[in-house]
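In order, the protein sequences belong to chains A, B and C. Residues 44 to 337, numbered by this note's numbering, are exactly what the first sequence covers, in order. Residues 3 to 349, numbered by this note's numbering, are exactly what the second sequence covers, in order. Residues 1151 to 1394, numbered by this note's numbering, are exactly what the third sequence covers, in order.
Hints are computed from structural coordinates only; laboratory data are not their basis. The structure presented is a predicted model; accordingly, all values stated were derived computationally and were not measured. C-beta: ideal position from N, C-alpha, C; glycine also. Just to be clear, a hint being listed does not mean it is correct.
[Said to hold, decoys possible] In the DMTMM-like style, the derived pairs of lysine to aspartate or glutamate whose C-alpha atoms are separated by at most 25 Å in a straight line are:
#: 1; chain 1: A; residue 1: Lys323; chain 2: A; residue 2: Asp303
#: 2; chain 1: A; residue 1: Lys148; chain 2: B; residue 2: Glu207
#: 3; chain 1: A; residue 1: Lys148; chain 2: B; residue 2: Asp208
#: 4; chain 1: C; residue 1: Lys1377; chain 2: C; residue 2: Asp1355
#: 5; chain 1: A; residue 1: Lys323; chain 2: B; residue 2: Glu207
#: 6; chain 1: A; residue 1: Lys159; chain 2: B; residue 2: Asp256
#: 7; chain 1: A; residue 1: Lys159; chain 2: B; residue 2: Glu251
#: 8; chain 1: A; residue 1: Lys148; chain 2: B; residue 2: Glu288
#: 9; chain 1: A; residue 1: Lys323; chain 2: B; residue 2: Asp314
#: 10; chain 1: A; residue 1: Lys148; chain 2: B; residue 2: Asp314
#: 11; chain 1: A; residue 1: Lys323; chain 2: B; residue 2: Glu288
#: 12; chain 1: C; residue 1: Lys1377; chain 2: C; residue 2: Asp1348
#: 13; chain 1: A; residue 1: Lys159; chain 2: B; residue 2: Glu288
[What the hints assert, rightly or not] Label pairs and their calculated CB-CB ranges:
#: 14; chain 1: A; residue 1: Ala314; chain 2: C; residue 2: Pro1188; range: 51 to 59 Å
#: 15; chain 1: B; residue 1: Leu289; chain 2: A; residue 2: Pro262; range: 43 to 51 Å
#: 16; chain 1: A; residue 1: Gln297; chain 2: B; residue 2: Met103; range: 49 to 57 Å
#: 17; chain 1: C; residue 1: Gln1287; chain 2: A; residue 2: Asp303; range: 51 to 59 Å
#: 18; chain 1: C; residue 1: Ser1278; chain 2: A; residue 2: Trp172; range: 26 to 34 Å
#: 19; chain 1: C; residue 1: Ala1362; chain 2: B; residue 2: Pro130; range: 30 to 38 Å
#: 20; chain 1: C; residue 1: Gly1258; chain 2: B; residue 2: Lys341; range: 35 to 43 Å
#: 21; chain 1: A; residue 1: Asp303; chain 2: B; residue 2: Ala310; range: 23 to 31 Å
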Amino acid sequence: MNTLVQFAVDALSLGGLYALTALGIGLIFSVMRLANFAHAELVTCAAYALFALSAHPLVMAVAGSVLVAVALAVLTERLAFRTLRAADPTTMMIASFTVSMLIQKILIFALGSRPKSLDPVPVLSQAVWIGPAQVSLLKLVTIAVCAVLLLALTLFLRRTSFGLQMRAAAENFTMARLTGVRANAVIVVAFALSGVLAAVVALLFAAQTGFVQPRLGVPLMITAFVATVIGGMGSLTGAAIGGVLVGVVTTLLQVFLPPDLRPFREAFLFALVILALLVKPNGLFPARGLKERI
Amino acid sequence: MTGATLHGMLLRCAPLFALVALIVAITLLAGMADAVTVRRVILSLVNVVAVIGLYIFMGNSGVLNFSSVGFMAIGAYVAALLTMPANAKGMFLPDLPGWLMAAELPALAGPFLGGAVCAAVALVVGLPIMRLSGIAAAIATFSLMFICYIVLGNWTSLTGGQISLMGLKSYVGLWTACGFAVGAIAIAFAYQETRWALALRASREDPVAAAACGLRVAALRLGAFVLGAFVCGVGGALYGHFQGTLRVESFYLDPTFLLVTMLVVGGMRSLTGAVVGCLVISLLTELLRLVEVGVPVPGTGITLGTAAGFGDVVLAALMLLILIFRPNGITGGREVLGKLAGSGGQK
Amino acid sequence: MTALLQVDGLAVSYGRISALRDVSLQVNAGEIVAIVGPNGAGKSTLLASIAGLARPAAGSIRFRGDSIAGQPLERTVRRGIALVPEGRHVFGGLTVLENLRLGATIRGDRAAVAAEIAQYMALFPILSERRNEPAGQLSGGEQQMLVIARGMLSDPALLMLDEPSLGLAPRIIDQVYALIETVRQRGVTVLVVEQNADRALRTADRIYVLNAGAVRLSGASVDLRGKPEFEAAYFGIWPEGVRP
């Protein structure tokens, strides 16, 4: 029972982080068909902002990091991705990777590549008891925050008129524009939202790992990216479910693989990914109108 | 029929001759430079081989492929294991099976054997994956690279795992690298002129129509994938033996994306694009490195230099700018002298 | 009186293929004008250029006197032109109600919009029944009603329909064209593209026959009905000495 509770907490908190990151990627992909590698840098820069503001009250630090992530996201859209909207998906993806590299190199140039220690919410670094099981408070808070954000995003998309416009644009961008949806507005908001999600992930992830370095966001983004594809590119529900699923499977593998195979855990994960793609190339919950933007 | 006459055939091979001439010219120039430059040029030529391996599949099929570096790793380790002197092997890899420990084949056999193993692996893993397109293919091939990295990085008895293997035979001199680069160009050119490659490119343009042909497309892609894996394996072996030490870290994320970026920046759809992209980025990297180190202004005692890491920033910025202003890459998908060859490029 | 829509000398190409060559037409307020012609005549391209989906190589498109050629898509509906494209294009993953609401994106008068939506629901009970279900689950005819209603909800001056009867059973086509008649009665001008020449002749005030990218024949539908020139223009059989 202990292990089950601990397992659930571990799996869900990891899954929650992946889900939020996957949503950040999925939001942009759904309206632009752009697989944004630079999302990793949104997380990294938000974490650095937390570091820079660590002397200030938490609320200020979080606000600052959200601001940094959103500003960076919108900036990358305006400068790099707007002109490439008509390009083919491969070029866009590679461009996003180049943007990612650029930001990473700037960070290394300006701040050095040594990790800097960061403990934004020390109060959460304690353990609490759920019945007989001892779990990390931080992980519980992570699960809660992820759930709240997921709910907020869902409400925004399903209950507001702008959310409706975004969902329409995600399904059929051209037709949406013909009903009056403004392309630029939808895309900029998608980027801004992805910035907010990245900042939240940065806070939770930095709190768990305890330091920030120029490549902080990369492993997170790669796994989240995989989760998005498994869940169904272009489908936000798919992204969230994919994220949680990958979190659960990763934790499962960690627990159940025999010790000498543990280092190969990620190889197993990626082998499962390939299998999943072979069975369902469009993901488990493919979005409508995924084929192409008409 | 075009190409039937000798004159026609020579014209069709114009891009091939141009690219080979370019490589040979670069090698000749490098031969006159200092040792450091020579090493840089050799590295560029080895990268040319790798990018061509990537191009053979990606350029002709239009399908995104992130697995090249994984095959480079396999090629490198296979070549190393089969050609390293036994005492070096014994030092780093004490648990090798006897026959492998004793194997010490001629150094030049290494790349070809490495490539052959890669081709075999590609045949097996590529079979199911070739049905995928777009993002799914990107993730699947990326997963392949990742699996290679993890497996090679943890199969301690076979590869030494995380430690660096040292004592590889060094034979990758300037003209050896040149020879392999020319060979890679020739293989890629010969392949892309075959009717299979032509059919594959046709499927690239209209995947919906291609879907109606179903299986055939997957088979065509597999052919390109296997050939590309072979060339990547050769490139990996060359890379490893050029460096002299082998670390699984060298075959992970950064080179994966660098290779694809080189190809896309050069122009994904042409062999010239692959070569040009690689050379341009190598050249830029080199120039920016020099700027970082410091450029003495003649006549004064001043050396202009920048802080470390600045070169990387500029390189990334330049690559981004190239993509923004020329989304189809520097060559736009056309071959050098393509008009002469009558192909008009692969647009 | 200036025409609501005036197209002069329009030429549109896709790469090297010329889809429209020197097309001129006009639509006056309150009319129903039909453009007929066989497949590949360029009819969809014509509507696409007016809507801003295709950029003309030459010629002018004026709406209410203003030039609208090459403008961004979002401007089209804000000028008062609603396009119902070929193939319906409902937002299949969104509900029927959400599809209708989207039609009113540019409008701010929520109460009036709600009232109009209620009217369309009353007109088509099926829309009311399925209001919270995904629009992708409606039948072809129901979807066609939905997208026409969606187009109308933007309060346009001109409603453009591309092949509204395509793939629909004759009884459903009757309903669609009855809806188009209702649209005219609300004071909205209609420009409809049709392969179904018979329908066009029955409903429209004026007809343009488009073939191979050019207008071959035009006139009042009463005048063209049953005339051999009409068939000839439609099928591309030109009289002696006349080249396309």
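Is the hinted pair A:Lys159 and B:Glu288 satisfied, with a Cα-Cα distance of at most 25 Å?
violated (30 Å)
Range hint 49 to 57 Å (beta carbons of A:Gln297 and B:Met103) holds or violated
Violated, since A:Gln297 and B:Met103 (Cβ atoms, about 34 Å apart) do not stay within the stated range.
CA of A:Lys323 to CA of B:Asp314, is that 25 Å or under?
Roughly 39 Å between the alpha carbons, so the hint for A:Lys323 and B:Asp314 is violated.
Take a quick look at whether A:Lys148 and B:Asp314 sit within 25 Å of each other, Cα to Cα.
holds (6 Å)
Would the hint linking A:Lys323 and B:Glu288 be met if the CA-CA limit is 25 Å?
violated (44 Å)
Compare the distance between the alpha carbons of A:Lys159 and B:Glu251 with 25 Å, and conclude whether the hinted pair is satisfied.
holds (23 Å)
Whether the CB-CB distance between C:Ala1362 and B:Pro130 falls inside 30 to 38 Å
violated (47 Å)
Could you tell me whether the CB distance from A:Asp303 to B:Ala310 stays inside 23 to 31 Å?
violated (41 Å)
For C:Gln1287 and A:Asp303, compare the CB-CB distance with the range 51 to 59 Å and indicate the outcome.
Hint holds: Cβ distance 52 Å, inside 51 to 59 Å.
Looking only at beta-carbon atoms, does the pair C:Gly1258, B:Lys341 fall within the given range of 35 to 43 Å?
violated (57 Å)
Whether the CB-CB distance between C:Ser1278 and A:Trp172 falls inside 26 to 34 Å
For A:Trp172 against C:Ser1278, whose Cβ atoms are near 54 Å apart, the range 26 to 34 Å is violated.
Would the pair A:Lys159 and B:Asp256 pass a check requiring their Cα atoms to be no farther apart than 25 Å?
holds (22 Å)
When held up to the earlier numbered hints, the structure conflicts with 1, 2, 3, 9, 11, 13, 15, 16, 18, 19, 20, 21 and fits the remainder.
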